[in-house]
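Enquirer: Go ahead and model the full structure; you've got the sequences and the hints to work with.
Here is what each chain is made of, one letter per residue.
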Amino acid sequence: MKKKSLLAGILAICLIVPSPAFAAKPDFSKIKIALVPGGAHPYFQPWIAGGKAAAAEFGIAATIFNETGEWDQTKQNAAIDALAAQGYNAFGLFGVSPSDINTTFAKLKSKGFPVGSLASCPGGYDIVKEPQKNSADFCLSTDTGKAAYLAAKAVITQMGGKGNLVHLTGNAVDANTIRRMDGVKKAIAETGGKVKLLTTITDIDTDLQTATKAVSDLFAAKGKQIKGIVTTAYNPAVAATQGVATTKLPIKVIAIDDDPKILAAISSGTISGTVVQNPWGQGYVGSWVMAALGSKACTMITPGLYVDSGSFLVTKSNVKTYNATRMATSKAILADFQTKYMTCK
Amino acid sequence: MSTVLIMRRIVSDQRVVLTTLTVGLFIYFGLKNSAFFSTDFVIYPLLRDGAVLTVIGLAQLCALSVGHLNLAVGRMAAVAALASGAAYQYWHLSLIPGLLIGLCVGGALGFVAGLIIVKSQVNAFIVTLAMDFALLGFVTFVYVTFTGATAAFITKPKGMEFWRNTSLHQYCIGGVCGPKVFPMMLVPAIVALILVGFLYAKTRLGRELLSTGSNLRAAKLSGIPVDYRVIMAHTFSGLLAALAGVMLAFTNGSFTASIGSQFMLPSFLGPVLGGTLLVGGSVQVLGTFIGTMLTLVIRQGLSVQGIGLETLNIALGLVLLTALSLGQIQKMFTTIRMRGQT
Numbered sequence: 001m002k003k004k005s006l007l008a009g010i011l012a013i014c015l016i017v018p019s020p021a022f023a024a025k026p027d028f029s030k031i032k033i034a035l036v037p038g039g040a041h042p043y044f045q046p047w048i049a050g051g052k053a054a055a056a057e058f059g060i061a062a063t064i065f066n067e068t069g070e071w072d073q074t075k076q077n078a079a080i081d082a083l084a085a086q087g088y089n090a091f092g093l094f095g096v097s098p099s100d101i102n103t104t105f106a107k108l109k110s111k112g113f114p115v116g117s118l119a120s121c122p123g124g125y126d127i128v129k130e131p132q133k134n135s136a137d138f139c140l141s142t143d144t145g146k147a148a149y150l151a152a153k154a155v156i157t158q159m160g161g162k163g164n165l166v167h168l169t170g171n172a173v174d175a176n177t178i179r180r181m182d183g184v185k186k187a188i189a190e191t192g193g194k195v196k197l198l199t200t201i202t203d204i205d206t207d208l209q210t211a212t213k214a215v216s217d218l219f220a221a222k223g224k225q226i227k228g229i230v231t232t233a234y235n236p237a238v239a240a241t242q243g244v245a246t247t248k249l250p251i252k253v254i255a256i257d258d259d260p261k262i263l264a265a266i267s268s269g270t271i272s273g274t275v276v277q278n279p280w281g282q283g284y285v286g287s288w289v290m291a292a293l294g295s296k297a298c299t300m301i302t303p304g305l306y307v308d309s310g311s312f313l314v315t316k317s318n319v320k321t322y323n324a325t326r327m328a329t330s331k332a333i334l335a336d337f338q339t340k341y342m343t344c345k
Numbered sequence: 001m002s003t004v005l006i007m008r009r010i011v012s013d014q015r016v017v018l019t020t021l022t023v024g025l026f027i028y029f030g031l032k033n034s035a036f037f038s039t040d041f042v043i044y045p046l047l048r049d050g051a052v053l054t055v056i057g058l059a060q061l062c063a064l065s066v067g068h069l070n071l072a073v074g075r076m077a078a079v080a081a082l083a084s085g086a087a088y089q090y091w092h093l094s095l096i097p098g099l100l101i102g103l104c105v106g107g108a109l110g111f112v113a114g115l116i117i118v119k120s121q122v123n124a125f126i127v128t129l130a131m132d133f134a135l136l137g138f139v140t141f142v143y144v145t146f147t148g149a150t151a152a153f154i155t156k157p158k159g160m161e162f163w164r165n166t167s168l169h170q171y172c173i174g175g176v177c178g179p180k181v182f183p184m185m186l187v188p189a190i191v192a193l194i195l196v197g198f199l200y201a202k203t204r205l206g207r208e209l210l211s212t213g214s215n216l217r218a219a220k221l222s223g224i225p226v227d228y229r230v231i232m233a234h235t236f237s238g239l240l241a242a243l244a245g246v247m248l249a250f251t252n253g254s255f256t257a258s259i260g261s262q263f264m265l266p267s268f269l270g271p272v273l274g275g276t277l278l279v280g281g282s283v284q285v286l287g288t289f290i291g292t293m294l295t296l297v298i299r300q301g302l303s304v305q306g307i308g309l310e311t312l313n314i315a316l317g318l319v320l321l322t323a324l325s326l327g328q329i330q331k332m333f334t335t336i337r338m339r340g341q342t
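Top line first, the protein sequences correspond to chains A and B. Quick note: the first sequence uses the numbering used here, first residue 1, plus one each step. Quick note: the second sequence uses the numbering used here, first residue 1, plus one each step.
For the record, the hints were derived by calculation from the structure and aren't laboratory data. One or more hints might be untrue.
Cut-off 20 angstroms, straight-line C-alpha distance, at most; resulting in silico cross-link-like pairs (SDA-like, lysine to any residue) [claimed, not checked]: (1) A:K133 <-> B:M160; (2) A:K111 <-> B:S34; (3) A:K133 <-> B:K158; (4) A:K75 <-> B:G308; (5) A:K186 <-> B:T150; (6) A:K52 <-> B:G308.
Expert: The following block contains the structure:
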């Protein structure tokens with residue numbers, strides 16, 4: 001195992017692509033970056049470390065993390081306004097409402113601020129085909145549909161390719177959730193009817209208590225019929241992990257994100273695996289890109305471009321090494337911005 | 001009337017105290033951090049948000065006037081916005097007809113709530129709470145079923161941008177232009193304030209609504225058709241909730257299921273801080289605007305100081321508690337002064 005970890009570490013370091021040589025090192029000393037999620041949620045905490053790492057490495061004047069949006073677009077807009085009034089001049093945002101956030105992006109852009117849509121892209125159109133409809137400079141986010149598809153495929157494999165599957169997820173009227181549900185349905189459709197979607201439980205990512213109750217109710221009602229669970233939201237993932245550990249039901253679980261409880265359950269074999277996203281990379285790469293745009297050192301070749309921040313399947317075999325892979329991927333994404341997606345002086 | 005007496009009356013008016021507190025806090029936050037005086041990032045958005053929350057406060061005020069609570073204001077706003085959004089998206093209606101459809105739906109929901117309360121004799125709290133749950137399910141169902149992956153109606157009628165982004169500064173008379181900080185969104189809020197104020201201060205209907213809220217039995221014995229008045233109060237409440245819902249959709253840029261989900265608390269804060277009684281019989285229309293602005297000034301003021309989420313909510317709670325206690329403190333001082341005189 002130690003040898004494997006060492007190899008993975010070396011591989012990760014090799015994957016780190018050195019930054020291209022700029023004619024002169026861009027001056028980011030006047031750039032103050034605000035990273036603003038829609039509200040408080042454990043998923044966004046790595047943004048803080050990612051932003052700080054970028055500030056230390058690239059000489060960005062300051063980064064701030066503000067989670068006072070309380071999952072209300074109006075309050076998030078007010079928080080953004082307050083930060084702009086304080087002198088922050090670049091914004092990395094996770095919009096509460098994917099269909100409304102373009103309005104906020106457009107407003108910030110009209111004031112001359114670079115804006116990155118982090119962890120979620122504006123809704124209402126196909127971001128890959130129509131990046132020009134994204135009012136932010138770029139979108140760096142997990143491809144939620146792809147991540148859900150990856151997770152569903154993994155759990156179907158664990159189930160032996162047949163049986164009843166349950167999907168636990170977040171807000172039913174959120175564009176990202178709908179993409180996740182489509183990803184899971186796509187993986188199920190590929191089994192040709194051997195796997196059935198028993199139920200999709202939505203709106204249980206508000207807090208762990210809500211998710212735990214939903215999982216308990218599910219196990220009480222249909223525990224014996226379920227062969228696999230795929231979770232595509234943080235709190236349901238933790239709740240499903242705890243539920244399977246407590247009830248010892250023979251249910252295969254693929255969770256999402258890397259809460260310590262989930263990682264411990266993977267190590268002990270209680271659950272099969274998890275699909276981790278890359279919030280650290282969103283904070284790190286996003287901060288550099290916004291600083292480069294704000295300082296006029298670089299411009300986007302395709303304004304509004306969507307870039308996948310990556311999602312990784314973590315199982316018992318790579319639970320100790322995935323973070324190095326993830327950091328290496330972040331550096332590779334940064335290099336792609338510097339060489340492929342942007343034109344720099 | 002002596003000057004001293006007039007001064008005493010002014011000082012004992014809760015609206016004057018609240019206005020002083022709001023303006024005082026505004027100046028205090030601005031002196032602490034001059035960024036708070038920013039026109040673009042603080043004052044204009046503050047007034048625009050205040051406009052929407054004032055209208056939802058007025059919606060709650062209408063129910064409070066007859067001694068009822070409307071716990072479904074947020075969801076009524078959501079359904080009305082849904083109706084307007086669908087009208088713009090599917091029927092390609094222009095701004096005003098779409099808005100009118102939303103208002104009609106809101107008014108109809110309020111009417112139904114009032115009718116159920118009157119006919120079933122079940123407490124308004126229970127009826128509107130049940131209605132809130134039912135409408136929540138309805139809104140989610142409609143958006144999931146009819147809007148696909150967008151989960152929103154995103155068609156923007158012509159004029160929506162105008163209401164969201166422009167200020168009175170665009171209008172000039174004789175070379176003198178309106179203030180840049182005055183958002184156009186404040187115009188419907190002011191119209192609502194004038195109409196509701198006129199209703200309760202100048203009309204017989206308004207007085208009958210207040211009498212119904214003050215003492216139902218006495219109102220009935222006086223010949224007031226209290227059942228009709230209750231239904232009317234809830235209809236007005238639904239109508240104003242609808243206006244607030246559509247205004248919020250205009251502000252944010254699309255018609256989503258989350259519209260109104262954060263309306264409940266502000267709908268009570270504005271009127272109650274402004275002096276409207278929870279038990280009915282007395283309303284303060286202008287106070288609703290002032291109370292709403294006070295909460296927004298506190299929140300944005302603390303936010304500009306860079307205060308974190310937990311501290312922000314604690315500080316907000318403490319300041320609001322103090323503001324709500326002002327009435328009692330005033331009463332206490334008056335009692336002490338009167339004892340001293342006798």
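Enquirer: Would you mind marking each hint as holding or not holding in the structure?
Expert: Hints, verified against the model:
Restraint check for A:K133 and B:M160: the C-alpha separation of about 18 angstroms stays at or below 20 angstroms, so the hint holds. A hinted pair counts as satisfied when its Cα atoms are at most 20 angstroms apart, and A:K111 with B:S34 qualifies at roughly 19 angstroms. Annotation: proposed proximity of A:K133 to B:K158 holds, straight-line Cα distance about 18 angstroms (limit 20 angstroms). Of the pairs offered as hints, the one joining A:K75 and B:G308 holds, with about 14 angstroms between alpha carbons and a cut-off of 20 angstroms not exceeded.
Taking the CA atoms of A:K186 and B:T150, the gap is near 18 angstroms; set against the 20 angstroms cutoff, the hint holds. With a C-alpha separation of about 18 angstroms, the suggested pairing of A:K52 with B:G308 holds against the 20 angstroms cut-off.
The structure is consistent with each of the numbered hints, conforming to all of them.
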